[in-house]
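Visitor: Order-wise, the sequence lines are chains A and B. With the working numbering applied, the first sequence corresponds to residues 165 to 564, in that order. With the working numbering applied, the second sequence corresponds to residues 165 to 564, in that order.
Note that these hints are calculated values from the structure, not bench results. Backbone N, C-alpha and C fix where the C-beta goes; we use that ideal spot for every residue, glycine too. Accuracy of the hints is not assured; some may be wrong.
Stated by the list, open to error - Partial list, computed: chain B residues near chain A (C-beta under 7 Å):
hint: 1; residue: Asp222
hint: 2; residue: Ala239
hint: 3; residue: Ser244
hint: 4; residue: Met329
hint: 5; residue: Asp334
hint: 6; residue: Phe431
hint: 7; residue: Ser460
hint: 8; residue: Gly463
hint: 9; residue: Gln553
Said to hold, decoys possible - Restricting the straight-line Cα-Cα distance to at most 30 Å, the calculated cross-link-like pairs of lysine-lysine (DSBU-like) are:
hint: 10; chain 1: A; residue 1: Lys447; chain 2: B; residue 2: Lys213
hint: 11; chain 1: A; residue 1: Lys394; chain 2: B; residue 2: Lys248
hint: 12; chain 1: B; residue 1: Lys248; chain 2: A; residue 2: Lys441
hint: 13; chain 1: A; residue 1: Lys563; chain 2: B; residue 2: Lys224
hint: 14; chain 1: B; residue 1: Lys383; chain 2: B; residue 2: Lys538
hint: 15; chain 1: B; residue 1: Lys350; chain 2: B; residue 2: Lys409
hint: 16; chain 1: A; residue 1: Lys563; chain 2: B; residue 2: Lys213
hint: 17; chain 1: A; residue 1: Lys168; chain 2: B; residue 2: Lys563
hint: 18; chain 1: A; residue 1: Lys562; chain 2: B; residue 2: Lys289
hint: 19; chain 1: A; residue 1: Lys213; chain 2: B; residue 2: Lys394
hint: 20; chain 1: B; residue 1: Lys564; chain 2: A; residue 2: Lys224
hint: 21; chain 1: B; residue 1: Lys198; chain 2: B; residue 2: Lys289
hint: 22; chain 1: A; residue 1: Lys441; chain 2: B; residue 2: Lys350
hint: 23; chain 1: B; residue 1: Lys443; chain 2: A; residue 2: Lys213
hint: 24; chain 1: A; residue 1: Lys168; chain 2: B; residue 2: Lys562
There are 2 protein chains.
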Amino acid sequence: MANKLRGNAVVGQSGGPTAVINQSLVGVVFEASKHPQIENIYGARHGVKGILGEDFVDLKRESIGDLEAVANTPASALGSVRQKPTTEECARIFEIFRKHDVRYFFYIGGNDSAEAASIINDLAKDAEYEFRTFHVPKTIDNDLLVSDHTPGFGSAARFIALATMGDDCDNRSLPGIKVNILMGRKAGFLTAATMLARQHDDDGPHLVYPPECTFSLDKFLGSVAAVYQKLGRCLVCVGEGVAEKIPEIKLQEKDSHGNVQLSGSGFFGDFLANQIKAKLGAKRVRADTYGYLQRSFAGCVSEVDAFEARRVGEFAVRWAVAENVDGSVAIRRLGDGKDYAVDFVSTPLETVARNTKSMPADWLVSEQSDISEKFRTYALPLVGELPRQGRLAAYPIKKK
Amino acid sequence: MANKLRGNAVVGQSGGPTAVINQSLVGVVFEASKHPQIENIYGARHGVKGILGEDFVDLKRESIGDLEAVANTPASALGSVRQKPTTEECARIFEIFRKHDVRYFFYIGGNDSAEAASIINDLAKDAEYEFRTFHVPKTIDNDLLVSDHTPGFGSAARFIALATMGDDCDNRSLPGIKVNILMGRKAGFLTAATMLARQHDDDGPHLVYPPECTFSLDKFLGSVAAVYQKLGRCLVCVGEGVAEKIPEIKLQEKDSHGNVQLSGSGFFGDFLANQIKAKLGAKRVRADTYGYLQRSFAGCVSEVDAFEARRVGEFAVRWAVAENVDGSVAIRRLGDGKDYAVDFVSTPLETVARNTKSMPADWLVSEQSDISEKFRTYALPLVGELPRQGRLAAYPIKKK
Chain A
165 MANKLRGNAV
175 VGQSGGPTAV
185 INQSLVGVVF
195 EASKHPQIEN
205 IYGARHGVKG
215 ILGEDFVDLK
225 RESIGDLEAV
235 ANTPASALGS
245 VRQKPTTEEC
255 ARIFEIFRKH
265 DVRYFFYIGG
275 NDSAEAASII
285 NDLAKDAEYE
295 FRTFHVPKTI
305 DNDLLVSDHT
315 PGFGSAARFI
325 ALATMGDDCD
335 NRSLPGIKVN
345 ILMGRKAGFL
355 TAATMLARQH
365 DDDGPHLVYP
375 PECTFSLDKF
385 LGSVAAVYQK
395 LGRCLVCVGE
405 GVAEKIPEIK
415 LQEKDSHGNV
425 QLSGSGFFGD
435 FLANQIKAKL
445 GAKRVRADTY
455 GYLQRSFAGC
465 VSEVDAFEAR
475 RVGEFAVRWA
485 VAENVDGSVA
495 IRRLGDGKDY
505 AVDFVSTPLE
515 TVARNTKSMP
525 ADWLVSEQSD
535 ISEKFRTYAL
545 PLVGELPRQG
555 RLAAYPIKKK
Chain B
165 MANKLRGNAV
175 VGQSGGPTAV
185 INQSLVGVVF
195 EASKHPQIEN
205 IYGARHGVKG
215 ILGEDFVDLK
225 RESIGDLEAV
235 ANTPASALGS
245 VRQKPTTEEC
255 ARIFEIFRKH
265 DVRYFFYIGG
275 NDSAEAASII
285 NDLAKDAEYE
295 FRTFHVPKTI
305 DNDLLVSDHT
315 PGFGSAARFI
325 ALATMGDDCD
335 NRSLPGIKVN
345 ILMGRKAGFL
355 TAATMLARQH
365 DDDGPHLVYP
375 PECTFSLDKF
385 LGSVAAVYQK
395 LGRCLVCVGE
405 GVAEKIPEIK
415 LQEKDSHGNV
425 QLSGSGFFGD
435 FLANQIKAKL
445 GAKRVRADTY
455 GYLQRSFAGC
465 VSEVDAFEAR
475 RVGEFAVRWA
485 VAENVDGSVA
495 IRRLGDGKDY
505 AVDFVSTPLE
515 TVARNTKSMP
525 ADWLVSEQSD
535 ISEKFRTYAL
545 PLVGELPRQG
555 RLAAYPIKKK
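Next up, chain A with everything else stripped away, as it sits in the complex (with noise of 0.2 Å):
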């Protein structure tokens, strides 16, 4: 049913940057600019604080050639946010968008960013104000409900694996362990990127520790020192969110919508390498924590993701504003999963709202602490192909 709804339209970004979330913003304004029913193109800066502080930017007037250079600019160009509005708050948006006439609303982000999207949507509804929400998904977490995967997570995906993959050919040459941490609460999609990185057969990481994973210290402590005894090193990749199953570490700091603070700070990787050294006397014992760089390193773009992002952002607009419904764009896989093809539905806001999901628990082989390579069946297309890493044949010379 096409939408008679006329009005001006705010977007805004929030929660964690990805490499493309610039990509699902320019979207929504390539898309918006097209259709006579949105007036004006605004942008809220650092989202829900932005329409709150009446902090709004007039995107119709930006150059295409600026947005196209902001959309291959990692982080969010509008700036972000970690903010679940009140009610008090949502009472004050309502104000603040009938002033300026805002009659479409597009929210980029997570799972929090679409419960942000449904609390003001529904308050829209209750106040009986014409309006339609649709959230753009975003997430390098790869966690949100409905899809098949999440703009963003390619990308983080594509540095983890050459991350991970310069970091094994590192460790095979001055051998040791090393212990790698990579971000992501409770999913595993991101520390299971780090198996993509191998091509040979002892290629590492050798031992994976996504966060669903069950996780006992001693445990992993044997893992590592029989990987070690038998390879003479051993690369060992772990989710940050395991740091919550240890009761040796308090972690503290929480932000607005309860999550814990685990990234920027690298006290979790020296953890496990000080337990490492104490009880195996392993001599040359590293770890590294991939922080930041995940989401936002400049120049690694997996071009599928930066593609669907982009998509994501403009067939939000299409939905609000030519079929007149509310919700969120999810990605459907298509086919028997040996062509890579997807298709873009709609999915009401409630669907990917709050939850989230974890891998399928057949993904982990909890045994061998490690990845199934159905994950590299589901994550390669995502990610784009990856360098061949060359080993030498290494013919011995005879000791005389």
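Chain A is fixed; fit chain B onto it per the hints.
Guide: Quick look at chain B alone, frame taken from chain A:
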């Protein structure tokens, strides 16, 4: 003077890996294959450790395709080592070289590796064993004497520039105070490379502390507070070597060259972040340690760096065989600096062994805790073109 010395060649890799150290290896192998004076090309696994263990591989049997793939793979394909051979070990090395009729030794590494090569070469002279040694320079630290710059630096600096670019966008999206720790114990070239991330006036890094700076924790906190006050955010980049200037920090583990272990741990970043939290009361304070990703990330290579790394390997062989000299390869920059051009010259081993260089004093802008634009002129040709970071013009909408 053409060289009549015929026999086998040994090539080894030593010290910290780089993204292009295998280019030098392949440069040695390809060039050595052209000279009839070199019969076999043996690769020593893990540098002097492999020589001592007679652990050689036959590099002439490798396929050209595999070698080219190895050249494009980060870290040391032969394996690396951090070991300064003792006098006894050097005696054992000759014994093995004699047995295998080794007359050419190429050692790819930094100043520590040049020192090891120099020790072996001196003992060869004392033993009147006719023998040519060439050191092939590599180090991400860029701290070798004589050379304008060192293969490995350009790619590491490129990684750092891209990471910092993205991280600055991330910090702008979710404002706070961010501390990044960069590799480099004494030389600040890698820390300085963070300044290449700047494209707009208020882009970070806002404060840069290479190891050469004078550092006071109080002044540091004052500077961070001032930037945070002004911009509402602050991106600070600190060389890991600065940790040695802070009395509160105890550093323990040392390698056999007496170098303190600083990498492979997040402690220094966390220390600074905790100081900022405690003393400035700032809320969102995060730290990342770029760690080993700086030297081994797969798929972030400067073209100039890869090319020059190949060339220094080739020149080492050419000079040893055709010119019959020992030494190391140095890169000289030519012209007025406007157009990038270099040539390669040979320099005696002792000129690059042991000692290292720091950044020129006038590249530090100490009063602003910053790096001079002179560094950009110097480093940009080595790093290659960087992606343009887009930014919204952000025309404000009037509040109503």
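Visitor: Look at each hint and say if it fits the structure.
Guide: Comparing the hints with the structure gives:
no. : hint                  : verdict
1   : Asp222                : holds, 4 Å
2   : Ala239                : holds, 4 Å
3   : Ser244                : holds, 4 Å
4   : Met329                : holds, 4 Å
5   : Asp334                : holds, 4 Å
6   : Phe431                : holds, 6 Å
7   : Ser460                : holds, 4 Å
8   : Gly463                : holds, 5 Å
9   : Gln553                : holds, 5 Å
10  : A:Lys447 <-> B:Lys213 : holds, 17 Å
11  : A:Lys394 <-> B:Lys248 : holds, 27 Å
12  : B:Lys248 <-> A:Lys441 : holds, 24 Å
13  : A:Lys563 <-> B:Lys224 : holds, 17 Å
14  : B:Lys383 <-> B:Lys538 : holds, 25 Å
15  : B:Lys350 <-> B:Lys409 : holds, 11 Å
16  : A:Lys563 <-> B:Lys213 : holds, 14 Å
17  : A:Lys168 <-> B:Lys563 : holds, 27 Å
18  : A:Lys562 <-> B:Lys289 : holds, 27 Å
19  : A:Lys213 <-> B:Lys394 : holds, 20 Å
20  : B:Lys564 <-> A:Lys224 : holds, 19 Å
21  : B:Lys198 <-> B:Lys289 : holds, 26 Å
22  : A:Lys441 <-> B:Lys350 : holds, 27 Å
23  : B:Lys443 <-> A:Lys213 : holds, 27 Å
24  : A:Lys168 <-> B:Lys562 : holds, 26 Å
The structure shown violates none of the earlier numbered hints.
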